[in-house]
Amino acid sequence: NAGVTQTPKFQVLKTGQSMTLQCAQDMNHNSMYWYRQDPGMGLRLIYYSASEGTTDKGEVPNGYNVSRLNKREFSLRLESAAPSQTSVYFCASSEARKGVGGHSNQPQHFGDGTRLSIL
Amino acid sequence: AQSVTQLGSHVSVSEGALVLLRCNYSSSVPPYLFWYVQYPNQGLQLLLKYTSAATLVKGINGFEAEFKKSETSFHLTKPSAHMSDAAEYFCAVCRATSNTGKLIFGQGTTLQVKP
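Line by line, the protein sequences are chains A and B.
Numbering of the first sequence is given in this note's numbering, commencing with residue 16 and proceeding in unit increments.
Numbering of the second sequence is given in this note's numbering, commencing with residue -4 and proceeding in unit increments.
Derived from the structure by calculation, the hints contain no laboratory data.
Heads up, the beta-carbon is just placed ideally off N, CA and C, and yes, glycines get one too.
Be a bit skeptical, because a hint or two may be false.
To give an idea of the chain B side of the interface with chain A (calculated C-beta under 8 Å), a few residues [said to hold, decoys possible]: (1) Arg17; (2) Gln37; (3) Leu98.
In silico DSSO-like cross-links for lysine-lysine, where the CA-CA straight-line distance does not exceed 27 Å [said to hold, decoys possible]: (4) Lys72/A <-> Lys86/A; (5) Lys72/A <-> Lys109/B; (6) Lys86/A <-> Lys29/A; (7) Lys109/B <-> Lys64/B; (8) Lys53/B <-> Lys86/A; (9) Lys63/B <-> Lys44/B.
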């Protein structure tokens, strides 16, 4: 059972180049998420998709776009990479069922990350 | 708005000693809380979660956490540290909006275990 698979694992780009980070999950989860992880800042949400066909901005969406291709796949695109986007990117998924008080009590499952360097 | 604060970016303990990693949250509504662990060059793995069923939550690898509403805390403990516990630990709270499952993460605490 692969869980959440991210490709590529490593990438080096030049400023201004574009690229797409791929993410796929095989757990039939409704919700998917993209985070970036920077030292001392924890994980910050870039975009999320609560269900197939919907996407919404998170805390730090500027410079990124996403596509929820189908229930399994959620891609993150950098149209014109900048050095400030050097980071480790994580994709996650969850069942996101509504619990008491309207919250989701299902944990997120994470991929192993994509380490992106922009020169 | 919800937020999470982890006290101490680095914690160092001796093997066999008590592990205590601190997490305080801010939330205007009852939260759901999570602890995740991240080993080097890996993604985050769920250690345990609090979803209002019981205030003392037991997780994997001998870790547990206690939800204290009066202190707005959810500290992570383990009675006896093992070398394999060396990793980065993240506390997270579920945002009180829709049922999207969005999480707010703390800054992380790196646990060092000395022989």
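Open item on the list: So if I understand the rule, the pair passes when the alpha-carbon distance is 27 Å or less; does Lys72/A with Lys109/B pass?
Closed with: Given pair Lys72/A, Lys109/B is violated - Cα atoms ~42 Å apart, limit 27 Å.
TODO: Return the status of the interface hint for Arg17/B: holds when the least beta-carbon distance to chain A is below 8 Å, violated otherwise.
DONE: Violated: closest Cβ of chain A sits about 15 Å from Arg17/B, beyond 8 Å.
- [ ] Could you grab the alpha-carbon distance between Lys86/A and Lys29/A and see if it respects the 27 Å cut-off?
- [x] Given that 27 Å is the threshold and the Cα spacing comes to 32 Å, the pair is violated.
Task: Restraint outcome when Leu98/B is required to lie within 8 Å of chain A by C-beta distance - done: holds, 6 Å
Task: Hint consistency between Lys63/B and Lys44/B [alpha-carbon to alpha-carbon, up to 27 Å] - done: With a Cα-Cα distance of about 14 Å, the restraint between Lys63/B and Lys44/B holds, given a limit of 27 Å.
Open item on the list: A closest beta-carbon separation below 8 Å is what the hint needs, so does Gln37/B meet it against chain A?
Closed with: holds, 6 Å
- [ ] Sort out whether Lys64/B lies within 27 Å of Lys109/B, counting only the CA atoms.
- [x] violated, 33 Å
Task: Restraint status (C-alpha distance of Lys72/A to Lys86/A at most 27 Å) - done: holds, 18 Å
Open item on the list: Holds or violated: Lys53/B and Lys86/A, Cα atoms, limit 27 Å.
Closed with: Violated: Lys53/B and Lys86/A sit about 32 Å apart, past 27 Å.
The structure shown violates the earlier hints numbered 1, 5, 6, 7 and 8.
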